[in-house]
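Asks: Residues per chain, in single letters:
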Amino acid sequence: MAESIVVDQVSKVFTMHYHRTLKQKAVASLRRLPLNETFKALSDVSFTVEQGESIGLMGLNGSGKSTLLKLINGVMRPDTGSVLARGRIAGLIAKGAGFHSQLTGRENLYLNAAIMGLSEAETDAKFDEIVEFADIGRFLDVPVSHYSSGMFSRLGFSIAVHVDADVFLADEVLAVGDRPFKKKCLVKMQEIRQQGTTIFYVSHAAASVRSMCDRVLVLENGRLGFDGDVAEGIRYLHYDDDVESDDEESLEDEELGADI
Amino acid sequence: MSNASDQEHPLHEAVIEEGPGRKPRGRKRARRLARKAASMPVVPAIGEPQESRAVEGPLQPPTAAGGLVGVLQRRWLLQLLVRREMAKRYSGSFLGLLWSYIQPAIRFGVYYVVVLGLIRKSQSVPEFALHLFCGIVFTHYFAETVSGGTRSIWANRSLVDRTSLPREAFPIASMLTAALHTFPQLVLLMLVCVLVGWQTDLVGIVSGVLGLAIVVIFSTAVALFFSAVNVYYRDFQNIVGTLTQFMHFMVPMMYPVTRVMAVSHSHPLIYQLYMANPIAEAVVLLQRFFWFGSIQANGERNPSTAFPPGMLERGAITLVACLILLWFAQQAFTRLEVKFAEHL
Ligand SMILES: Nc1ncnc2c1ncn2[C@@H]1O[C@H](COP(=O)(O)OP(=O)(O)OP(=O)(O)O)[C@@H](O)[C@H]1O
Ligand SMILES: [Mg+2]
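Chains as they are written, first to last, in this note's numbering: chain A, 77 to 336; chain B, 9 to 352.
Any given hint could turn out to be false.
Said to hold, decoys possible - Pulled a few chain B residues facing chain A out of the computed Cβ check, cut under 10 angstroms:
1. PRO52
2. PRO57
3. GLN87
4. SER172
5. VAL346
Stated by the list, open to error - No more than 30 angstroms apart at the CA atoms, straight line, and that leaves these computed lysine-lysine pairs for DSS-like:
6. LYS347/B x LYS99/A
7. LYS99/A x LYS116/A
8. LYS96/B x LYS202/A
9. LYS347/B x LYS116/A
10. LYS264/A x LYS202/A
11. LYS347/B x LYS96/B
12. LYS36/B x LYS259/A
13. LYS116/A x LYS101/A
14. LYS259/A x LYS202/A
15. LYS347/B x LYS101/A
Read the hints as simulated data drawn from the structure, not as lab findings.
Ideal placement from N, C-alpha and C gives every residue a C-beta, glycine not left out.
Using the sequences plus the hints, can you model the full thing?
Replies: This is the structure we're talking about:
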């Protein structure tokens, strides 16, 4: 199998700007307040992913997961190090597709597909499938600013998963979906996983990562804290409490089954 | 996970009937259901062995590359962006697209009345209306490209910080939108010229081509550069309005270029500065093509129908300068682009 993604000693520093207008900047520098501060969101992260691997990306809030996916997706460039990828990359980063709020769902669908490199004919061919999966009914021709957040992510997910990407990034996309839709998405992701697509799955749910991934990366304050086996990774994260509650839940599920 | 949930069909959903006689453990069940709703469902992997997927193409940085040239090759994407720009501009306005004709029409009327009615000095310019209209069409194109382009990246920030499309696509789409808006005006200008009895010669054609190329390339360069700077300093989009307004007085449309030529001996510096403005140079060239072409036939000549000496040579040099400027704008854009996503 070929390498799908090579991340080599990548660091990303953010500059946080406190003062936006020139006037505010002038006032701040007169008072000797800091104009900006830097923040290292990723430091010296290296790993290689083979085509077809399914990676669970885990870590606490603010540990740099979305930042790492933005680098892989090409939204941002690393400050040092390099990110290389092969093939078409699709996915949703930090709850939200790149939608334009004034455009309708249909227009956004075409625009998004075009950004990912699909031609008009290719999009036409996949259109029905995408719309059917998103299942947003009449809202397809309404500007997406009028969508509920669930509908927004339904459409975004549906586009990303149907463009036949080689790498699929799912960053908490499913957080706002309802339970049936979450399930439908996970089924679809298992399907593309089986077809050999490289998957990055960001989730805080240990059980879900366990079923979806064959490798776990854990980020800790921008460093790669763990890279390896799924079960070990989850143990590394001290999500053991979760494991217990999962067992409890499945026990309860059985109970529930008997009850009904 | 337990066997029970493994055997479940992935899409199967448990239906809980609420009925009488189910009070005991009701609270516990509610709590359990609430937690279940919040947690991620678990879907087992498909049993069959994984297919291997052959991906052709090299390992490469995922950031879009190619700059302006790369953008111009993605026709379909540009087409969608231009459509988006058109839709956005007039969404919720009653007259919609008509506004891009009403505005220049009003401007034309005002300038015409003011110059002819109040100042009266320009009466000596034959076919003054054409002279004015020709200038308005091209300054309008410049203004639309630059003001739309300057805002373009900021206005599309929801796309810029989520997707990896080449960012040059936005100012280019603004430029194309401006061109689409200006095109009917250009057709109208040509039509009026022909009705008046337009004819041309080799100098006229060379002037026309040079003028058009200068306007397009210079506007694109400015739009490209300003769009990037505007991400960092949003004040820019306000400066731009003033700049484009100013341009109406800095090109020979309300007055003949001979007025400017008249000062070339007394104030050579002012003359050189005036002519260094690529839009002024382009409008001079385009006046030669459109307006002069119309008065050529009737042999109507007076002191105001002359053109600056060495106009074509200067035009060629300006065109080269604009191409160099465009190259610099692209370089600056590439530098500034690196931090776009985190500034938005
Ligand atoms: N444009 C930006 N400017 C400044 N700081 C940023 C920017 N984007 C992200 N950060 C910071 O970088 C850090 C990592 O953010 P990131 O979104 O990658 O976290 P995350 O792991 O995805 O967290 P979560 O689980 O909450 O989604 C955070 O501290 C965040 O504040
Ligand atoms: Mg995140």
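Asks: For the pair we were handed, LYS96/B and LYS202/A, check the Cα-Cα distance against 30 angstroms.
Replies: holds, 26 angstroms
Asks: Using 10 angstroms as the Cβ threshold, decide whether VAL346/B counts as touching chain A.
Replies: holds, 5 angstroms
Asks: Quickly compare the C-alpha distance for LYS347/B and LYS96/B to 30 angstroms and report which way the hint goes.
Replies: holds, 26 angstroms
Asks: Does LYS116/A lie within 30 angstroms of LYS347/B when you go C-alpha to C-alpha?
Replies: Roughly 14 angstroms separates the two Cα atoms, so the pair holds.
Asks: Regarding the pair LYS259/A and LYS202/A, is the alpha-carbon distance no greater than 30 angstroms?
Replies: holds, 22 angstroms
Asks: Verify the interface restraint on GLN87/B: the C-beta must sit less than 10 angstroms from at least one C-beta of chain A.
Replies: holds, 8 angstroms
Asks: Taking the least C-beta to C-beta distance, is PRO57/B closer than 10 angstroms to chain A?
Replies: holds, 8 angstroms
Asks: For a C-alpha distance cap of 30 angstroms, please report whether LYS347/B and LYS99/A respect it.
Replies: holds, 22 angstroms
Asks: Taking only the CA atoms, is the gap from LYS99/A to LYS116/A under or equal to 30 angstroms?
Replies: Judged against 30 angstroms, a Cα distance of about 28 angstroms means the pair holds.
Asks: Taking 30 angstroms as the top limit, are the C-alpha atoms of LYS264/A and LYS202/A close enough?
Replies: Holds. LYS264/A to LYS202/A sits at ~15 angstroms (cutoff 30 angstroms).
Asks: Need the status of pair LYS116/A, LYS101/A: alpha-carbon distance at most 30 angstroms?
Replies: holds, 23 angstroms
Asks: Checking hints one by one. Is PRO52/B an interface residue toward chain A, by the C-beta closer than 10 angstroms rule?
Replies: The hint holds - PRO52/B has a Cβ within 10 angstroms of chain A, the shortest such distance being about 6 angstroms.
Of the numbered hints given earlier, the model fails none.
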